[in-house]
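Trainee: As a plain string of letters, each chain reads:
Number of protein chains: 2
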Amino acid sequence: MKMSFDYVQRPLLRFFSASSKERIGFIGLGAMGAHQAANLLKKGYSVTVFDISSEAVGKLVAKGATKAQSPKEIASQSDVIVTMLPSSDNVVKVYLGDNGLIHGINKKDLLFLDSSTIDPIISRSVSDNLASKNAILLDCPVSGGTLGAEAGTLTFMVGGSKENFQRAKPYLEAMGKNIVHCGDSGAGQIVKLCNNLILGISMLGVSEAMNLGVKLGVDKKVLASVINTSSGRCWSSETYNPCPGVLEGVPSSRGYTGGFQTNLMKKDIGLAVQAATSQNIPLPIGTFAFKSYEVLSKESYGNKDFSSYFELLQKLKPHILEKQVVELVSKETH
Amino acid sequence: MKMSFDYVQRPLLRFFSASSKERIGFIGLGAMGAHQAANLLKKGYSVTVFDISSEAVGKLVAKGATKAQSPKEIASQSDVIVTMLPSSDNVVKVYLGDNGLIHGINKKDLLFLDSSTIDPIISRSVSDNLASKNAILLDCPVSGGTLGAEAGTLTFMVGGSKENFQRAKPYLEAMGKNIVHCGDSGAGQIVKLCNNLILGISMLGVSEAMNLGVKLGVDKKVLASVINTSSGRCWSSETYNPCPGVLEGVPSSRGYTGGFQTNLMKKDIGLAVQAATSQNIPLPIGTFAFKSYEVLSKESYGNKDFSSYFELLQKLKPHILEKQVVELVSKETH
Numbered sequence: 650m651k652m653s654f655d656y657v658q659r660p661l662l663r664f665f666s667a668s669s670k671e672r673i674g675f676i677g678l679g680a681m682g683a684h685q686a687a688n689l690l691k692k693g694y695s696v697t698v699f700d701i702s703s704e705a706v707g708k709l710v711a712k713g714a715t716k717a718q719s720p721k722e723i724a725s726q727s728d729v730i731v732t733m734l735p736s737s738d739n740v741v742k743v744y745l746g747d748n749g750l751i752h753g754i755n756k757k758d759l760l761f762l763d764s765s766t767i768d769p770i771i772s773r774s775v776s777d778n779l780a781s782k783n784a785i786l787l788d789c790p791v792s793g794g795t796l797g798a799e800a801g802t803l804t805f806m807v808g809g810s811k812e813n814f815q816r817a818k819p820y821l822e823a824m825g826k827n828i829v830h831c832g833d834s835g836a837g838q839i840v841k842l843c844n845n846l847i848l849g850i851s852m853l854g855v856s857e858a859m860n861l862g863v864k865l866g867v868d869k870k871v872l873a874s875v876i877n878t879s880s881g882r883c884w885s886s887e888t889y890n891p892c893p894g895v896l897e898g899v900p901s902s903r904g905y906t907g908g909f910q911t912n913l914m915k916k917d918i919g920l921a922v923q924a925a926t927s928q929n930i931p932l933p934i935g936t937f938a939f940k941s942y943e944v945l946s947k948e949s950y951g952n953k954d955f956s957s958y959f960e961l962l963q964k965l966k967p968h969i970l971e972k973q974v975v976e977l978v979s980k981e982t983h
Numbered sequence: 650m651k652m653s654f655d656y657v658q659r660p661l662l663r664f665f666s667a668s669s670k671e672r673i674g675f676i677g678l679g680a681m682g683a684h685q686a687a688n689l690l691k692k693g694y695s696v697t698v699f700d701i702s703s704e705a706v707g708k709l710v711a712k713g714a715t716k717a718q719s720p721k722e723i724a725s726q727s728d729v730i731v732t733m734l735p736s737s738d739n740v741v742k743v744y745l746g747d748n749g750l751i752h753g754i755n756k757k758d759l760l761f762l763d764s765s766t767i768d769p770i771i772s773r774s775v776s777d778n779l780a781s782k783n784a785i786l787l788d789c790p791v792s793g794g795t796l797g798a799e800a801g802t803l804t805f806m807v808g809g810s811k812e813n814f815q816r817a818k819p820y821l822e823a824m825g826k827n828i829v830h831c832g833d834s835g836a837g838q839i840v841k842l843c844n845n846l847i848l849g850i851s852m853l854g855v856s857e858a859m860n861l862g863v864k865l866g867v868d869k870k871v872l873a874s875v876i877n878t879s880s881g882r883c884w885s886s887e888t889y890n891p892c893p894g895v896l897e898g899v900p901s902s903r904g905y906t907g908g909f910q911t912n913l914m915k916k917d918i919g920l921a922v923q924a925a926t927s928q929n930i931p932l933p934i935g936t937f938a939f940k941s942y943e944v945l946s947k948e949s950y951g952n953k954d955f956s957s958y959f960e961l962l963q964k965l966k967p968h969i970l971e972k973q974v975v976e977l978v979s980k981e982t983h
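Quick note, the sequences are listed as chains H and A, same order.
Oh and the first sequence: position 137 is 786 in the working numbering, straight run, nothing missing.
Oh and the second sequence: position 313 is 962 in the working numbering, straight run, nothing missing.
The hints are simulated quantities; they were obtained by calculation from the structure and are not laboratory data.
Take these hints with a grain of salt, some might be off.
[What the hints assert, rightly or not] With a straight-line cut-off of 20 Å between C-alpha atoms, the simulated EDC-like cross-links for lysine to aspartate or glutamate are:
hint: 1; chain 1: A; residue 1: 756; chain 2: A; residue 2: 738
hint: 2; chain 1: A; residue 1: 916; chain 2: A; residue 2: 704
hint: 3; chain 1: A; residue 1: 870; chain 2: H; residue 2: 799
hint: 4; chain 1: H; residue 1: 692; chain 2: H; residue 2: 704
hint: 5; chain 1: A; residue 1: 864; chain 2: H; residue 2: 833
hint: 6; chain 1: H; residue 1: 721; chain 2: H; residue 2: 812
hint: 7; chain 1: A; residue 1: 691; chain 2: A; residue 2: 868
hint: 8; chain 1: H; residue 1: 757; chain 2: H; residue 2: 671
hint: 9; chain 1: H; residue 1: 782; chain 2: H; residue 2: 758
hint: 10; chain 1: A; residue 1: 692; chain 2: A; residue 2: 738
hint: 11; chain 1: A; residue 1: 712; chain 2: A; residue 2: 738
hint: 12; chain 1: A; residue 1: 818; chain 2: A; residue 2: 887
hint: 13; chain 1: A; residue 1: 869; chain 2: H; residue 2: 833
hint: 14; chain 1: H; residue 1: 869; chain 2: A; residue 2: 728
hint: 15; chain 1: A; residue 1: 811; chain 2: H; residue 2: 777
hint: 16; chain 1: H; residue 1: 756; chain 2: H; residue 2: 812
hint: 17; chain 1: H; residue 1: 782; chain 2: H; residue 2: 799
hint: 18; chain 1: H; residue 1: 716; chain 2: H; residue 2: 728
hint: 19; chain 1: H; residue 1: 782; chain 2: H; residue 2: 704
hint: 20; chain 1: H; residue 1: 811; chain 2: A; residue 2: 704
hint: 21; chain 1: H; residue 1: 712; chain 2: H; residue 2: 833
hint: 22; chain 1: H; residue 1: 864; chain 2: A; residue 2: 868
hint: 23; chain 1: H; residue 1: 818; chain 2: H; residue 2: 704
hint: 24; chain 1: H; residue 1: 870; chain 2: A; residue 2: 833
[Claimed, not checked] Now the stretches of chain A that chain H is said to cover, found in silico as 3 or more residues with beta-carbon under 8 Å:
hint: 25; region: 685-698
hint: 26; region: 708-719
hint: 27; region: 755-763
hint: 28; region: 790-801
hint: 29; region: 912-926
Bear in mind that the values here come from a model prediction, so they are computed numbers and not experimental data.
All C-beta atoms in this analysis are idealised placements derived from N, C-alpha and C, irrespective of residue type, glycine included.
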């Protein structure tokens with residue numbers, strides 16, 4: 650019975666999905682979210698916004714958005730809701746807290762798209778909570794940064810059923826270019842964290858290798874070019890080299906400004922470490938990398954691009970840590 | 650005066666270099682060297698060989714090589730000498746020890762090509778010793794493994810002057826496909842170590858990320874495919890993925906056999922750590938990676954492919970090491 654009911658409902662939902670008249674609610678108008686909401690407006694959607702910053706709300710209202718008083722009000726007035734929030738705690742509060750989105754659900758199959766990067770376990774839990782109210786939450790974390798958000802070229806990594814992924818796609822395409830289905834609920838978050846875990850680790854490795862080679866007398870461009878045609882090649886070396894002067898137009902060649910902040914990398918790897926810890930999954934070098942970004946942040950590089958680890962290496966005391974590392978890694982094994 | 654003298658000598662040397670009649674001496678007939686020497690024979694060179702294993706010598710003699718009694722004899726009877734030895738100590742002994750190559754030098758500008766992977770500082774030192782006898786040593790470490798050695802498709806990373814690089818090229822092309830000039834003496838070694846340092850670190854990162862994602866419920870092929878089109882992409886993920894079943898024809902899909910052994914990766918990263926230590930250059934995550942491969946080796950994966958770290962993760966106790974890592978990384982900073 651349920652299947653045939655769904656069968657009747659879906660085409661109707663799709664019709665609405667494709668219509669520019671649908672009302673989209675948007676919560677979280679930060680550096681990323683403000684651009685995403687603006688792009689939805691540009692595509693002809695009517696957008697209702699909420700943020701704790703009245704200044705951020707004002708800017709979107711000036712572009713044609715409508716202001717709401719609470720997440721609850723957003724849910725009750727929208728057909729699709731997009732959220733872009735800085736942390737797991739914010740997501741829990743905005744979705745499940747007092748006047749949260751969950752309290753405004755007034756129709757079946759209401760679609761929520763959370764493009765925040767958060768703990769996948771928490772993402773699944775919020776999704777389960779909404780499911781109990783017959784609403785749907787897809788995790789849709791992004792990559793592409795503020796430039797991608799502004800240009801509408803973000804990549805969305807989406808977790809949820811295939812059917813709901815298809816339903817969400819038109820809205821995500823209004824804000825991004827690559828919309829990738831990663832699996833069931835939480836899979837978008839997991840894939841993003843795994844990707845950024847590798848990125849964060851490889852950036853530390855490329856920084857140390859470039860620093861070592863240059864200090865030992867090899868030309869930095871020659872070193873990078875051989876690495877990039879060999880088994881050391883990676884995104885961090887090829888397109889984002891941390892050594893100033895190897896590539897133009899990257900953060901390392903402009904004082905480590907305007908890229909992906911150390912604090913955001915620290916947050917993402919921290920979420921990977923947290924997810925691993927909670928599920929008893931070993932993550933030795935991931936944990937080491939997390940702590941390295943903590944140190945980088947404490948050493949006043951928190952708001953600089955994460956490739957500024959290369960610059961930190963110029964300041965590090967050259968202790969070699971054999972004994973400590975032996976102890977550390979040994980404790981990981983039987 | 651010296652310049653004009655060189656000017657007269659060089660064309661003569663080049664003439665001999667291009668001749669297939671030149672006599673090549675080869676020392677070190679192990680898993681790599683035996684193939685390299687055989688390829689020189691195939692290209693029509695007369696090859697005199699030396700190795701501590703009479704069995705290894707016998708196999709090359711059966712293919713047409715001549716046997717010598719010592720490195721000294723090799724040097725005295727050859728126009729070009731190629732060495733492929735397992736460690737820095739072996740190189741020092743074969744070049745500078747009793748009956749070593751240096752004692753057989755009997756003509757000016759005798760060319761030595763060391764394709765061993767060793768400490769670049771030691772490589773430079775041996776080169777200086779030979780230079781005092783008017784002989785030339787180029788460091789020419791390789792990548793490509795035993796399959797590349799057999800097929801003659803090795804990459805040679807060469808350190809030495811441009812002029813000597815040109816002189817060496819025909820011989821290296823008889824054993825390899827990509828011959829890359831990396832800079833002055835030692836630069837070949839440095840570039841190789843830097844490349845393998847990144848490779849070793851990224852393999853640990855990809856292993857941990859793939860393990861985390863799969864354990865948290867994401868399909869391994871989906872996970873790898875998103876990473877490979879995102880900022881986590883690297884050689885370890887794209888062409889050598891450590892998670893069994895993601896790629897065909899790689900060591901992880903045949904029980905971690907037939908690849909690049911953990912013990913060799915441990916050796917290469919160990920050389921990077923050693924070079925960094927000796928020159929007071931910080932290498933925190935490099936040192937952590939070195940110790941990780943030490944553990945992997947101790948856990949009976951020494952002769953398996955280095956991507957078997959993925960399998961070790963299935964056995965690791967899931968301690969999270971926050972405190973220890975904080976202490977460890979903190980000690981690296983002011």
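Trainee: Each of the hints needs a verdict: does it hold here or not?
Mentor: Structure-based check of all given hints:
no. : hint            : in the structure
1   : A:756 <-> A:738 : violated, 26 Å
2   : A:916 <-> A:704 : violated, 26 Å
3   : A:870 <-> H:799 : violated, 31 Å
4   : H:692 <-> H:704 : violated, 23 Å
5   : A:864 <-> H:833 : holds, 14 Å
6   : H:721 <-> H:812 : violated, 26 Å
7   : A:691 <-> A:868 : violated, 48 Å
8   : H:757 <-> H:671 : holds, 15 Å
9   : H:782 <-> H:758 : holds, 9 Å
10  : A:692 <-> A:738 : violated, 31 Å
11  : A:712 <-> A:738 : violated, 29 Å
12  : A:818 <-> A:887 : violated, 31 Å
13  : A:869 <-> H:833 : holds, 13 Å
14  : H:869 <-> A:728 : violated, 34 Å
15  : A:811 <-> H:777 : violated, 66 Å
16  : H:756 <-> H:812 : holds, 18 Å
17  : H:782 <-> H:799 : violated, 34 Å
18  : H:716 <-> H:728 : holds, 16 Å
19  : H:782 <-> H:704 : violated, 33 Å
20  : H:811 <-> A:704 : violated, 62 Å
21  : H:712 <-> H:833 : violated, 35 Å
22  : H:864 <-> A:868 : violated, 42 Å
23  : H:818 <-> H:704 : violated, 30 Å
24  : H:870 <-> A:833 : holds, 14 Å
25  : 685-698         : violated (count 0)
26  : 708-719         : violated (count 0)
27  : 755-763         : violated (count 0)
28  : 790-801         : violated (count 1)
29  : 912-926         : holds (count 5)
Checked against the numbered hints given earlier, this structure breaks hints 1, 2, 3, 4, 6, 7, 10, 11, 12, 14, 15, 17, 19, 20, 21, 22, 23, 25, 26, 27 and 28; the rest are met.
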